[in-house]
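The lines below spell out each chain.
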Amino acid sequence: MIVTSLIRAFHFALQGFWRNIWLSVVTVIILVLTLFSVSMVGGVNVVAREVVSSIENKIDVSVYFNPDVDQQEIQNIQYRFESLRSVDNVTLVSKEEAERRFRERHVNDPEIIQSLDELEENPLGATLVIKAKNIEDYPLILEMLEDPDYAELIENSNFDDNQVITDRLSDIASRVQRIGMLVTGVFVLISILIIFNTIRITIYTHREEIGIMKLVGASNWFIRFPFVLESILYAFIAVLFSMALLYPFVHVVSPYIATLFEGYDFNLLQYFTSHLLSIMLLQLVIAMGLSVISSAVAVGKYLKV
Amino acid sequence: MSLIHAEHVRKVYDEGQPYETVALDDISLTIDAGEFVAIMGVSGSGKSTLMHIIGCLDVPSSGHYYFDGDDISTKTSKQLVSIRRTKIGFIFQTFNLLPRTSSIANVELPLIYQGIGKNERTKRAVDVLHQVGLGDRVRYTSAQLSGGQQQRVAIARAIVHKPTLVLADEPTGNLDSRSGQEIMDVLQRLNQSGATVIVVTHDAAVAKRAQRTVYLEDGKVV
Numbered sequence: 001m002i003v004t005s006l007i008r009a010f011h012f013a014l015q016g017f018w019r020n021i022w023l024s025v026v027t028v029i030i031l032v033l034t035l036f037s038v039s040m041v042g043g044v045n046v047v048a049r050e051v052v053s054s055i056e057n058k059i060d061v062s063v064y065f066n067p068d069v070d071q072q073e074i075q076n077i078q079y080r081f082e083s084l085r086s087v088d089n090v091t092l093v094s095k096e097e098a099e100r101r102f103r104e105r106h107v108n109d110p111e112i113i114q115s116l117d118e119l120e121e122n123p124l125g126a127t128l129v130i131k132a133k134n135i136e137d138y139p140l141i142l143e144m145l146e147d148p149d150y151a152e153l154i155e156n157s158n159f160d161d162n163q164v165i166t167d168r169l170s171d172i173a174s175r176v177q178r179i180g181m182l183v184t185g186v187f188v189l190i191s192i193l194i195i196f197n198t199i200r201i202t203i204y205t206h207r208e209e210i211g212i213m214k215l216v217g218a219s220n221w222f223i224r225f226p227f228v229l230e231s232i233l234y235a236f237i238a239v240l241f242s243m244a245l246l247y248p249f250v251h252v253v254s255p256y257i258a259t260l261f262e263g264y265d266f267n268l269l270q271y272f273t274s275h276l277l278s279i280m281l282l283q284l285v286i287a288m289g290l291s292v293i294s295s296a297v298a299v300g301k302y303l304k305v
Numbered sequence: 001m002s003l004i005h006a007e008h009v010r011k012v013y014d015e016g017q018p019y020e021t022v023a024l025d026d027i028s029l030t031i032d033a034g035e036f037v038a039i040m041g042v043s044g045s046g047k048s049t050l051m052h053i054i055g056c057l058d059v060p061s062s063g064h065y066y067f068d069g070d071d072i073s074t075k076t077s078k079q080l081v082s083i084r085r086t087k088i089g090f091i092f093q094t095f096n097l098l099p100r101t102s103s104i105a106n107v108e109l110p111l112i113y114q115g116i117g118k119n120e121r122t123k124r125a126v127d128v129l130h131q132v133g134l135g136d137r138v139r140y141t142s143a144q145l146s147g148g149q150q151q152r153v154a155i156a157r158a159i160v161h162k163p164t165l166v167l168a169d170e171p172t173g174n175l176d177s178r179s180g181q182e183i184m185d186v187l188q189r190l191n192q193s194g195a196t197v198i199v200v201t202h203d204a205a206v207a208k209r210a211q212r213t214v215y216l217e218d219g220k221v222v
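In order, the protein sequences belong to chains A and B. Going by UniProt numbering, the first sequence opens with residue 1, and the numbers climb by one from there. Going by UniProt numbering, the second sequence opens with residue 1, and the numbers climb by one from there.
Note that these hints are calculated values from the structure, not bench results. Just so you know, even glycine gets a beta-carbon here, dropped at the ideal spot from N, CA and C. Heads up, a few of these hints could be off.
So these bits of chain A aren't anywhere near chain B, every CB distance computed over 10 angstroms [unchecked claim]:
| no. | residue |
| --- | --- |
| 1 | 8 |
| 2 | 36 |
| 3 | 53 |
| 4 | 69 |
| 5 | 73 |
| 6 | 76 |
| 7 | 146 |
| 8 | 150 |
| 9 | 156 |
| 10 | 193 |
| 11 | 222 |
| 12 | 229 |
| 13 | 260 |
| 14 | 275 |
| 15 | 277 |
Here are the simulated DSBU-like cross-link-like pairs (lysine-lysine), alpha carbons at most 35 angstroms apart as the crow flies [said to hold, decoys possible]:
| no. | chain 1 | residue 1 | chain 2 | residue 2 |
| --- | --- | --- | --- | --- |
| 16 | B | 220 | B | 118 |
| 17 | B | 87 | A | 131 |
| 18 | B | 162 | A | 214 |
| 19 | A | 214 | B | 75 |
| 20 | B | 220 | A | 214 |
| 21 | A | 131 | A | 58 |
| 22 | B | 123 | A | 214 |
Now the in silico label distances, taken between C-beta atoms and shown as ranges [claimed, not checked]:
| no. | chain 1 | residue 1 | chain 2 | residue 2 | range |
| --- | --- | --- | --- | --- | --- |
| 23 | A | 289 | B | 194 | 48 to 54 angstroms |
| 24 | A | 300 | B | 211 | 58 to 64 angstroms |
| 25 | A | 297 | B | 2 | 39 to 45 angstroms |
Okay, chain A solo, but in the shape it has when bound:
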C-alpha cells in the first residue's frame, strides 16, 4: 500500500513538474539564486571568522625587559602571569636566546654583527611573550603591565597593531553580512512567492482531480503528498545546480582570497571541499523548507470539498 502510494505520488509529482515545465524552470532558478546568495553570505562569514581567528591566534603581548634586569625577577613575573586564568601561556625568551635570534636575523648584515661583537655585554634584554585565552583579556594584561613596580624593569611592550586589524575586519565582515542577509532575505521572499504561485497553478490545473479524489474518499495526506513531493523535487534540482555553480565559483575566487589574506592560513577551496556534504545538506534543508512550506500552504485551500 505505502509503496503503491509512493509510486503514484511520485508519478503525480513528475507529471506536475513536466506539465508546467517553464514555471518549474523559473522556480528552480529562483531557488538556485536564493541558495547561491545564502551560500555567499555563509562564505563571507566563514572567511571572516577564519581570518579573525587566525589573526587572534597571532596576537600576543611581547614584554621587552631592560638588559640589566635579573633573570630570576623576570621568571617571577612569568609565574605571576602564568597563574592568571585569562592567560593561555607565557614564553620566556632569555637574553641569550634573544641574542641568538638577533644574530640569525642579521646573518647577512656583517656590520651589525660586528657592532654587536664589539660590545662587551649583550645589549638585548629578555622578553616575555604573553598569550591570552581570549582577545578581550588583553586590556587587563596590559593594565597589569602598567603596574609602577614594573616601570623600571620593562623597556617596552607591543600589542596594539593586531587589535586594530581584527576590529576593522570584524567590522567589515559584519557589514558584508548585514548586506548579504538583506539580499538573501529578498531572495527568500521572492522564492516563497514564486514557489507558492507555481504550486498553486499546478494545483489549479489539478483542481478537478483533487475534488474527485476527495469525493471518493482520498485523505488529505494522499492529496497533499504529491505536491509536497513536487516541491521536494524542485529543492533537489536547485541544490544540484547551486552546487554545480558554487564549486567553480569557489575554485576561481579561492586564490584571490588566499592572496588577500596572505599569511593567515586559510584556504577557501579546501574548506569548501572538506565541508561539501554539510553545505549540500544545509542547502537542501533551506530549499526543502522553503518549497515544502509554500506548497503545503498553497494546497491547503483546495482540500476543502
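Put chain B on the given structure of chain A with help from the hints.
Then chain B, alone, in the frame of chain A:
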C-alpha cells in the same frame, strides 16, 4: 432500520452576515436501508445542500444528522472522509472521472484509498465494469467513451467498494433519454440487489423510477 435520519437539520451559509442564506430549514427525514428514494425540487430548493449533508460532504449548522446510527454533526473532517471512503458511493451529473485515465483505473480509485492490494483491486474493478456492461471497455479512457458509458464507469466506481449508500446527483442530467433510461435501469438493479439508492433530480420521469419521492421547496420538505 433507518440508514439516514435527519432531525431538524438547518444549514445556513454566511451565518450572521447581512447576506446569510438559509439553504435548509428544519429538515426532518428518515430513509431506511434498501430504499430507492428520489429527492426532487427546483433549482435553489436545497437539493444539493441536502445531498452534501446526506453524503457527509458537509455538516448541518444546527440539528442532528445520523448516518448508519452515527451522529455526523459531531464528526471531524477526517472521520467524514473515512465514512465516505467506506460507506458511500457518489454519482454526479458531470461523471467526475479522472481525465486521461482508463476506466479500470478510475474504478480502482476508492479501493486504492482503502488500501486494497493490486490483484484484488483489479479483480473487483473488472467485475463491476462487467456488471454495468462495460467489460469490453476496461482500458478505454474517458475521452474514448460516450456520455452514457462514462456514467456507467462512474456507477462502477461508486459501487466497487460495496457502499451502504449510493448517492446520485442528477445522474441522467447530461445524457440523452435512451442513455438516461439505461442508467436508471442500472441504478434500479443495484437497489434490487440490496443497495440503498438516493437520486437527487429535478426530472419527474427519473423520480418516478424511485419507490418514494421527497419534495423540497425553499429548503423545506413539502
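Hint-by-hint comparison with the structure:
no.	hint	in the structure
1	8	violated, 7 angstroms
2	36	holds, 38 angstroms
3	53	holds, 53 angstroms
4	69	holds, 85 angstroms
5	73	holds, 83 angstroms
6	76	holds, 79 angstroms
7	146	holds, 74 angstroms
8	150	holds, 79 angstroms
9	156	holds, 79 angstroms
10	193	holds, 29 angstroms
11	222	violated, 7 angstroms
12	229	holds, 17 angstroms
13	260	holds, 59 angstroms
14	275	holds, 44 angstroms
15	277	holds, 38 angstroms
16	220(B) <-> 118(B)	violated, 45 angstroms
17	87(B) <-> 131(A)	violated, 79 angstroms
18	162(B) <-> 214(A)	holds, 18 angstroms
19	214(A) <-> 75(B)	holds, 16 angstroms
20	220(B) <-> 214(A)	holds, 28 angstroms
21	131(A) <-> 58(A)	holds, 9 angstroms
22	123(B) <-> 214(A)	holds, 24 angstroms
23	289(A) <-> 194(B): 48 to 54 angstroms	holds, 52 angstroms
24	300(A) <-> 211(B): 58 to 64 angstroms	violated, 42 angstroms
25	297(A) <-> 2(B): 39 to 45 angstroms	holds, 42 angstroms
Of the numbered hints stated above, those contradicted by the structure are hints 1, 11, 16, 17 and 24, listed in ascending order.
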